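Undergrad: Sequence:
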Amino acid sequence: MYRIITLISFSILFLFNHSLEVYAQEEIPLKELNIFILKDGLEVVGYIEKEDSVTIQVRTPSDIVMQIPLEAVEEIRAFTGEPYLHQSKFRDPNSTRLLFAPTARSLKSGNGYFSAYELFFPFFAVGVADFLTFAGGISLIPGAQNQAIYLAPKVTPLQSEMYGVSVGALYINALSSRSEGLGIVYGVGTYGESDKAVTLGLGWGFSGEDFSNKPIIMIGGELQVSNSIKLITENWIPPDSDIAIIGFGIRFFGQKLAADIGLLYPAGGNMKGFPFIPWLGFAYNF
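Letter by letter, the sequence shown follows residues 227 to 512 in my numbering.
Accuracy of the hints is not assured; some may be wrong.
[As the list claims (entries may be wrong)] Now the in silico label distances, taken between C-beta atoms and shown as ranges:
| hint | residue 1 | residue 2 | range |
| --- | --- | --- | --- |
| 1 | D436 | G369 | 25 to 35 Å |
| 2 | P368 | F478 | 20 to 30 Å |
| 3 | V393 | M292 | 38 to 48 Å |
Derived from the structure by calculation, the hints contain no laboratory data.
Computed from a prediction, not measured in an experiment: that's the story for all the values here.
Note that the Cβ used here is the ideal one computed from N, Cα and C, for glycine as well.
Put together the whole structure using the sequences plus the hints.
TA: Set out below in structure tokens:
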């Protein structure tokens, strides 16, 4: 177990050591920087030079002057991070999830996404309110005599620019079955902005009305390294087990579409041959 925890710790440290290297490059001392979050998902960091009832004139740290229509701006907030040269970038449109596990970020009311994990497990999610998300889906496994149905509500009572706390559940049952089903209830916390953050979760599995006495632990991290690429790690430590799942992945994304490619490693297991389980997922956000 000590070796497993050490491996997970190194995965988190790798992301944030890399973060320091990225953000240390070409720093420029600037004051009164703001983040301009546009409705198409683009983030622009700079300071306001002029403003009227129609447009805002923004100068970026790389000395580019931009005329931004006010109607295109979703939010303006103070920039509290370390300034660096390349400040205009897209936000990850699928920041409410790591590879599979949820972060503590919530979908805004009316926003949603359609996703698929390992090709055969489609998922649909929508923000009913800024703090409440409903999600679910039905498996599409070729040749299977029965399919699984799953529901995943999530409530985010606490959310700010730098941290959030959510509680939720994942319930799974056979589509044509009278079984009581199984799943997990969880609490998760995320600290950091959308481009670099750590997430810690605790979950209690259940089958019918029986709940586990000890939680499974999830430790995750994310780091955006370019305008359209993010590194992700997601790691699971079950209770009373010497086996943990250690996951690394790369997310490629644009304004609305995100695709994840990763590898899952059952640390402590005795897998023969190729020791990794491939992971593939994508999400279209609207």
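Undergrad: Against the structure shown, which of the earlier numbered hints fail to hold, in ascending order?
TA: none
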